[in-house]
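Number of protein chains: 2
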Amino acid sequence: MKTLMLTKNEVNKLLNMQDAIQSVEQAYRIYAQEMLEQPPIMSIDVPENNGELDIKFCYSKVDEIISIKSASGYWDNLKSYNLPTLVATIILLDGKTGYPLCIMDGSLITGFRMGAAGGVSAKILARNNSKKVGVIGAGNQARMQIKAIKEVMDIEFVKVWAPSLEDMQKYKMDIEQELELDVKVCETAEEAVGETDIVVTATPGKSPIVKSDWIKDGMHIIAVGADMEGKQELEPEIFNRSKVFVDSIEQCLERGETRNAVKLGNITPNDIHAELGEVILKLKRGRTLDREITIFDTTGMGIQDNTLATLLYRKAKECGVGMEIDLLSIAK
Amino acid sequence: MKTLMLTKNEVNKLLNMQDAIQSVEQAYRIYAQEMLEQPPIMSIDVPENNGELDIKFCYSKVDEIISIKSASGYWDNLKSYNLPTLVATIILLDGKTGYPLCIMDGSLITGFRMGAAGGVSAKILARNNSKKVGVIGAGNQARMQIKAIKEVMDIEFVKVWAPSLEDMQKYKMDIEQELELDVKVCETAEEAVGETDIVVTATPGKSPIVKSDWIKDGMHIIAVGADMEGKQELEPEIFNRSKVFVDSIEQCLERGETRNAVKLGNITPNDIHAELGEVILKLKRGRTLDREITIFDTTGMGIQDNTLATLLYRKAKECGVGMEIDLLSIAK
Numbered sequence: 001m002k003t004l005m006l007t008k009n010e011v012n013k014l015l016n017m018q019d020a021i022q023s024v025e026q027a028y029r030i031y032a033q034e035m036l037e038q039p040p041i042m043s044i045d046v047p048e049n050n051g052e053l054d055i056k057f058c059y060s061k062v063d064e065i066i067s068i069k070s071a072s073g074y075w076d077n078l079k080s081y082n083l084p085t086l087v088a089t090i091i092l093l094d095g096k097t098g099y100p101l102c103i104m105d106g107s108l109i110t111g112f113r114m115g116a117a118g119g120v121s122a123k124i125l126a127r128n129n130s131k132k133v134g135v136i137g138a139g140n141q142a143r144m145q146i147k148a149i150k151e152v153m154d155i156e157f158v159k160v161w162a163p164s165l166e167d168m169q170k171y172k173m174d175i176e177q178e179l180e181l182d183v184k185v186c187e188t189a190e191e192a193v194g195e196t197d198i199v200v201t202a203t204p205g206k207s208p209i210v211k212s213d214w215i216k217d218g219m220h221i222i223a224v225g226a227d228m229e230g231k232q233e234l235e236p237e238i239f240n241r242s243k244v245f246v247d248s249i250e251q252c253l254e255r256g257e258t259r260n261a262v263k264l265g266n267i268t269p270n271d272i273h274a275e276l277g278e279v280i281l282k283l284k285r286g287r288t289l290d291r292e293i294t295i296f297d298t299t300g301m302g303i304q305d306n307t308l309a310t311l312l313y314r315k316a317k318e319c320g321v322g323m324e325i326d327l328l329s330i331a332k
Numbered sequence: 001m002k003t004l005m006l007t008k009n010e011v012n013k014l015l016n017m018q019d020a021i022q023s024v025e026q027a028y029r030i031y032a033q034e035m036l037e038q039p040p041i042m043s044i045d046v047p048e049n050n051g052e053l054d055i056k057f058c059y060s061k062v063d064e065i066i067s068i069k070s071a072s073g074y075w076d077n078l079k080s081y082n083l084p085t086l087v088a089t090i091i092l093l094d095g096k097t098g099y100p101l102c103i104m105d106g107s108l109i110t111g112f113r114m115g116a117a118g119g120v121s122a123k124i125l126a127r128n129n130s131k132k133v134g135v136i137g138a139g140n141q142a143r144m145q146i147k148a149i150k151e152v153m154d155i156e157f158v159k160v161w162a163p164s165l166e167d168m169q170k171y172k173m174d175i176e177q178e179l180e181l182d183v184k185v186c187e188t189a190e191e192a193v194g195e196t197d198i199v200v201t202a203t204p205g206k207s208p209i210v211k212s213d214w215i216k217d218g219m220h221i222i223a224v225g226a227d228m229e230g231k232q233e234l235e236p237e238i239f240n241r242s243k244v245f246v247d248s249i250e251q252c253l254e255r256g257e258t259r260n261a262v263k264l265g266n267i268t269p270n271d272i273h274a275e276l277g278e279v280i281l282k283l284k285r286g287r288t289l290d291r292e293i294t295i296f297d298t299t300g301m302g303i304q305d306n307t308l309a310t311l312l313y314r315k316a317k318e319c320g321v322g323m324e325i326d327l328l329s330i331a332k
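Protein chains in written order, with the numbering used here: chain E, 1 to 332; chain W, 1 to 332.
If you are wondering where the hints come from, they were derived from the structure by calculation, not from laboratory data.
Ideal Cβ placement from N, Cα and C applies to all residues, glycine included.
Misleading hints may appear alongside valid ones.
Stated by the list, open to error - Covered, in the sense of this in silico footprint (three residues per stretch, anywhere, with C-beta under 8 Å from a C-beta of chain E), are these stretches of chain W:
1. 92-102
2. 285-292
3. 313-327
Unchecked claim - No more than 30 Å apart at the CA atoms, straight line, and that leaves these computed lysine-lysine pairs for DSBU-like:
4. 96/E with 79/W
5. 2/E with 315/W
6. 61/E with 231/W
7. 96/W with 79/E
8. 61/W with 231/E
9. 13/E with 123/E
10. 2/W with 13/E
11. 79/W with 317/E
Turn these sequences into a full structure, and let the hints guide you.
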């Protein structure tokens, strides 16, 4: 019994947004069908090194695969050690025997499955004729979201706003080059949101950036940035006017953008319309009118890592990518 | 930045009980000094495959190393797949950057550090002239405990009792061969406990095996088997007569042998005399009289995996053992 090792380089070659979208849809279905065990996220803070570490642990009964992802954010890595901020490692275990099937770098997977989540929501919840996208933020997720949305619809142009002009210009260059989309750099967040069909918020913001006044009927909002207590990007009044969808009610009430709107009394948990998996399974309806405003709030779940890492593992086996190690044999 | 891979075979070559004892003492010191972050154990059950999986997650501020151990028990592995029941994998991350320093098979480490815990307790709590050991159970831990106790004192003989004669005979053969100790196979548990100085209980029992009547003044009891709700090996009356020591008060009240005695009202949490680390650090006293009965209840902690795996990682680097993998580099 051997364990497959996949380096970041190998994961990079195997990974594409199409697969990520398919995996995330599958993850949402599994979650809605309760065909999983997914304990709450486990976290450790390392304040003395400006770092934090999460473990997402999940057993998919559909694939009979257990995934363990450790993901760290060390905010001084770049300046102190010239190392990336975000590092993740994923172990996949055989749910039938507990044996480690695969150990892979997980640093790229998180970004892809977060992007894919927004893409899946756009495909399901945005108006059919959506084509203009406004993005608040110019970091990795602001890129990944566009990459994913482009897989599910034709984008006419992207408008971007971020606090730094330099970041926006770099963003414009990257997106125009890699995805061949027009990007308009905006002077204000309001300008970036105005006259768009889909609004993506992907900043680490801690107070509302997007005002309710700016949001017009028919828009779809993808709230990616707020994924822990204290983070916020939307004026909570937007929730009063919107049909609210989430990846996980439990988790979004605890650490998502939805938490803020509920805490401030703008909505109650009962006002959350559905988890996206319920819409995919047609247990609940999605958008029913063109004029509805839809919000998709996502905080990310272990099952998304599980399905995407499982797909990559199978693809690697098929293509003969990676190195097999006899981690468990022992000479007596 | 490379990640060191250590297979079970390599871990087996590097691992010895002396190092395990030293690591466990260090772990107990770190725990007593609160120089760690150690979230509660995270568990998943896989009843359809008669399996279970635990994750122990720990950050040692002393070594600045984060450890993640996934350990599974799949009770049909041997008969269904001819695979071992217990499989574990450990990842060590650099606490300064979050980078994976080492991924090693962890299947042997658990057994060694559990054994070592008993050994440390015997060294600190047993009467100075202790030399006769009674063992209830004839499995891996019944072996490991003796291996560890032998490191800290001269053993005159070992008495063993287990439900299966065959298991006891195999045990006798193994211990006599490997450790050069006399083993007496007993007809009853009472006989195994009688006229000994140290009693080890290392069974998966769910009701009391060892009666209070059998326990004489001056004995030291090492309660290893009970490590989750529902497990029990000692008649709770023994606790009324004993000075109780634990590895972690919090954890032993939740899942140890102590839990049963507290739940049944034999003792209260305040009757727990000390955590072993407090005795090692001389914050509390251990045994003060020869006639005292001492109990050491251990359920195992992530910090023990952390210190032992860190020691093995450093030893492997020094000796040039293991394979280095460029898990995180990426060709742009």
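Verification of the hints:
1. 92-102: holds (count 7)
2. 285-292: violated (count 0)
3. 313-327: Our answer is that it holds, as 4 residues pass the Cβ test (under 8 Å) against chain E, meeting three.
4. 96/E with 79/W: At roughly 13 Å apart (the allowed maximum being 30 Å), residue 79/W and residue 96/E satisfy the hint.
5. 2/E with 315/W: 25 Å, holds
6. 61/E with 231/W: 28 Å, holds
7. 96/W with 79/E: 13 Å, holds
8. 61/W with 231/E: 28 Å, holds
9. 13/E with 123/E: 26 Å, holds
10. 2/W with 13/E: At roughly 20 Å apart (the allowed maximum being 30 Å), residue 13/E and residue 2/W satisfy the hint.
11. 79/W with 317/E: Within the cut-off at roughly 27 Å; holds.
This entry does not satisfy hint 2, going by the numbered hints stated previously; all others are met.
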